[in-house]
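Undergrad: Chains as they are written, first to last, in UniProt numbering: chain P, 1 to 655; chain Z, 1 to 655.
No lab work stands behind these hints, which were simulated from the structure alone. Note that the structure is predicted; figures quoted are calculated from it, not measured. All residues carry an ideal CB built from backbone N, CA and C; glycine is no exception. One or more of the hints may lead you astray.
What the hints assert, rightly or not - Taking CB as the label site, the calculated pair distances span:
{"hint": "1", "chain 1": "P", "residue 1": "H482", "chain 2": "Z", "residue 2": "K73", "range": "56 to 66 Å"}
{"hint": "2", "chain 1": "P", "residue 1": "F584", "chain 2": "Z", "residue 2": "E281", "range": "52 to 62 Å"}
{"hint": "3", "chain 1": "Z", "residue 1": "Q317", "chain 2": "P", "residue 2": "A460", "range": "56 to 66 Å"}
{"hint": "4", "chain 1": "Z", "residue 1": "R389", "chain 2": "P", "residue 2": "A447", "range": "51 to 61 Å"}
There are 2 protein chains.
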Amino acid sequence: MTDTEVSESKCDVLIVGAGPAGLMMAAWMARCGINARIVDKRGTKIFSGQADGLQCRSLEIFDSFGFADRAWKEANHMIEMCMWNPDEKGVITRSDRLPDTPVGLSRFQQIVLHQGRIERFFLDHIKKHSKDGIRVERAVLPESLHIDEAACDDHSPDNYPITVKLRHLTEDEAMPAQSKGSGVGDGLFRSNLAEDDTEELISKSREKEGSTETVRAKYMVGCDGAHSWTRGQLGFQLEGEPTDYIWGVLDVIPITDFPDIRHRCAIHSATNGSLMVIPRENKLVRLYIQLNEIKPDASGRADRSQITPAVILAAAQKILAPYTLSYKICHWWTAYQIGQRVGTNFDFKNRVFLAGDAVHTHSPKAGQGMNVSMQDSYNLGWKIGLVVRGVVKPEVLSTYGAERRQIALDLIAFDHKFSRLFSGRPAKDVMDEEGVSMEKFKQAFLAGNLFASGLSVDYAPSLLIAKPQPDTENNNTANNQHLAPHIPLGMRFPNAQILNQSSARPLPLQSLLKSDSRFHIVLFAGTPTAPAQAERLSTFCALLTSSKTLAPHLHTHIRILTVHAAPRVDVDLLRDFPDVLHPFSEETGWDYDAVFVDERSFHEGGGTAYEGFGVDRERGCVVVVRPDGYVAFIGGVGEEGGRGVERFFGGVFVA
Amino acid sequence: MTDTEVSESKCDVLIVGAGPAGLMMAAWMARCGINARIVDKRGTKIFSGQADGLQCRSLEIFDSFGFADRAWKEANHMIEMCMWNPDEKGVITRSDRLPDTPVGLSRFQQIVLHQGRIERFFLDHIKKHSKDGIRVERAVLPESLHIDEAACDDHSPDNYPITVKLRHLTEDEAMPAQSKGSGVGDGLFRSNLAEDDTEELISKSREKEGSTETVRAKYMVGCDGAHSWTRGQLGFQLEGEPTDYIWGVLDVIPITDFPDIRHRCAIHSATNGSLMVIPRENKLVRLYIQLNEIKPDASGRADRSQITPAVILAAAQKILAPYTLSYKICHWWTAYQIGQRVGTNFDFKNRVFLAGDAVHTHSPKAGQGMNVSMQDSYNLGWKIGLVVRGVVKPEVLSTYGAERRQIALDLIAFDHKFSRLFSGRPAKDVMDEEGVSMEKFKQAFLAGNLFASGLSVDYAPSLLIAKPQPDTENNNTANNQHLAPHIPLGMRFPNAQILNQSSARPLPLQSLLKSDSRFHIVLFAGTPTAPAQAERLSTFCALLTSSKTLAPHLHTHIRILTVHAAPRVDVDLLRDFPDVLHPFSEETGWDYDAVFVDERSFHEGGGTAYEGFGVDRERGCVVVVRPDGYVAFIGGVGEEGGRGVERFFGGVFVA
């Protein structure tokens, strides 16, 4: 058979896979104005099942794109976590209630919404913001990859070192067997108990007259899941081993007398295995059910054919006894084998990158998979975008692997510990050394809760994080953490309620840090009515506008947000703040959305930003925030701080 | 010429006019499942200008339909009101700052968003909820109305006493002159300075071969504006007179050094007239500008041709001096003559109703027009809906005119006073008796602010409001206001933060009162763990389920929301609450969204509902809420309260 070669074309970035990691990448490409393509081998997007937990940090990121409110409105909100354990007679009983999200951690709490809706929010966002009309090309998959290694280090704009041959499938070829008419969504075909079908799809298509095209790209990102074709082409491995634990998943509307069915529950039965309850939207509940009676065979993998919804339900009923459980409505079900694996490499020569399940896989119960995967490409996308646009140095691309591989390792360690504690039989008493101590499980849950929120991420020093290297006390890098002790360098910029100086509208400061590809200078201006501070402010602003490093980038690649601490009614935007802080436009006048005040609002509290961050109310400080919201630099308001900002951006921006 | 008679058809309700009042009516028709039609003489919806203020009560109503969040997100939020008056030298200076919305009044504060977006939210909502496919039929207007008066009192389901001939215009005929190519939106054609064009549209269409159809309807609602054709057909009048005050309106992106341009401002200049600043979304500002130099002619109406954007801007510049004002971008402009008029009649034999500007007109500056208009049809829609469906007695229709005419009179009185104080020259000193005292203006503003929020509405006793008649102390109607002193009978049900008993999710109680055409019983169950209260609760629930009046309507036309005051962890949904409070479904199990608790949440406060409402924590009380959210009845939990609820619904429901 002869394939029809449709065309040969170029794009800046080719994204393989349109799950959450790929869509996050595409969202950045849209916001950065990059000519990108995103392909997916499946013919349709997800309609049910799959991942569903959204952590605080993911919601903060969604908010920076402008669609957290859609998720927040549609989702089920998980508030309380209940722990159920065997009592002395072996009957399950509630042993603890805990807040599901630690109090005060974020503007958001953990919520649950199925992956299909989250993909919808991304698709809408990409459509709205992409000037080049980026859209997911479905039923398209790569079948060959060639990298011109010698050209990888040449970052001139007309260099396309990556050549990929893409194959276009027919609708029928691209439709997973499960989607062809089954009433209930069966997710087994995507489970880690199933073989990957990529090679089969390609070879079947080759047998007929398929169509292919050749794409040349500057960068490529493999978001193509645990069986990643991209990873395979690069010859990289996932390291780690599966366990013997097999779990089933049911998405049902339960009929039950179990009292905590609308809470998240971790239930350890005495001898029948464990169960996790995840209440969802529209009366649905997801049940993760340990299948004690299913064991891996000699190949190390469980036989899929033994697993049916009835088998999973029966296991759940045994665990939940004496409470009853049945259902009339099942939306989706699947099963998987617990295992933790992490990629050896996250990129090839800073040209081809791997993100999401392509570089780390683990058990789904901690609600981490989709979140960490999206956060991988959230870390990577703006870096590629600004390199392609010639704004930042290609060296920043090295920070992706350095920053995200550590997160993947932490995730794997957390999941390894948590999943074994959860899958293990509860100890009968303190003498039962083979059993799992329920107190130990609770402590692991509490410790893991902060990690699981996504808010403990703390990136190491690099050209993007100006904090001292751990082993070099007299590092040249500015260590001004003391100017804002509660805005930790390397972590995401925290939130506080502030007011717009001109309209008095209360706003979360964090909500101003939009994912629009700009760095932010958050200028805590202190008290500009104090003459000495007005002088420092003036010096700092003069330096910004006169600096050859900074001036060309102001407002285009660096947005300045000012938060002062004087009484709102004592200051005037035009009189008390240098023009660069509220720039003038011939068309639309002064910018009234750039200067804010730390003052209590009439209706919504606030007024404790300086106090909460530990910033001096008179002298303030300067914080540089990366386009992904992580704290990059802290300095003082004035000459020295200005020089520090200049030095930081001098290391990042192309001269 | 001969018209083409397209067809003759029937519908339950015919709505004339698709502005905010008509769309609100259509929204109710969609939610009540009524076969309704809505026609509008214009060919397109509003794209710029027109009304823009949304009051707290309107937002609460939008939330009951589920789209307040869209308005809240897109709108500009007005937080502070600044008063500017002449100082002793006659130069304008800021004399006061006040919260624009009184603190603690509502979950919402006043916001500003242009009418076109609000109409969009309604259109989307109607499309989503209408089973019969209700959609606005544009370029369609009535040209004759016949009412079979003898048949009006016969409410049998196959009686259609109203016959209307509808004329279908061509696109060109239906397009206002202004929309045909002008770059800047000119709203004069819709202003009260312009003549109505309805008769002209009809007669022009008649000259050619137009098409018409005949519709027979059970009910008709005229939402067709100040020049209401429907009102004219009924022979009803608007009573009142215009003033000599002419005002211009500019929607611009201002270029100015006036410091409060992003606050709502009332500016009285010494001798050049007054100006109101209404900051809007997308950098726009609406300026209401008194045109001192334009006077009505002998006919009592000002000459439109004298009024241009340049004339209006010049007037604004004089008022604002010494501050400067100019603009490059103008979205819309208009002018109007202040006057207050109110309709003599709100309905004809409870078959044809008038709502909105068709029965009350006034000056736009108080931001009342669209709000009061929408609230007219919000009062009326569910009544017509439930009468058509045969659920409630036709007598409830009489409450529309009784309830809303009083609101219109209050509005007119408020506007009469406020617009004269605002248009008057400020007093030079206390001896200047012809001038307006600025202190008096401020007091009028403060007094008017509560009224303007829409939250002071207090409907009089009727079969829908079980409170004592003012003149009859020993009225048979239950007077149980003391059981919930802060849930006033006749007013909208107030808000408090509560938790879902089963999921611990915090929610505003008010947000549970959906506009889905059902009455609500808010059952403050008190402390069901106290044996005496458990007994009372059981008695009350047994009465609900055994009552011939109530039982057939439970869950379908009456939804029960329970809020108890016991510690959440001490009670169990299935054990402590009778089944009727959380009904069971064979398909979907127990209802977990019907029982709530007054307890503090982990993340969002709350726990003060009983205290705030003044309800006894052990004994609780029962509150019946109308489908539009107004408090209809209060009683105790137990036999007597149950009988009271039965009596109330006995007066309302068709036996």
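Undergrad: Please go over all the hints and tell whether each is borne out by the structure.
TA: Consistency of the hints with the structure:
{"no.": "1", "hint": "P/H482 - Z/K73: 56 to 66 Å", "result": "violated, 38 Å"}
{"no.": "2", "hint": "P/F584 - Z/E281: 52 to 62 Å", "result": "violated, 21 Å"}
{"no.": "3", "hint": "Z/Q317 - P/A460: 56 to 66 Å", "result": "holds, 58 Å"}
{"no.": "4", "hint": "Z/R389 - P/A447: 51 to 61 Å", "result": "holds, 57 Å"}
The earlier numbered hints that this structure contradicts are 1, 2.
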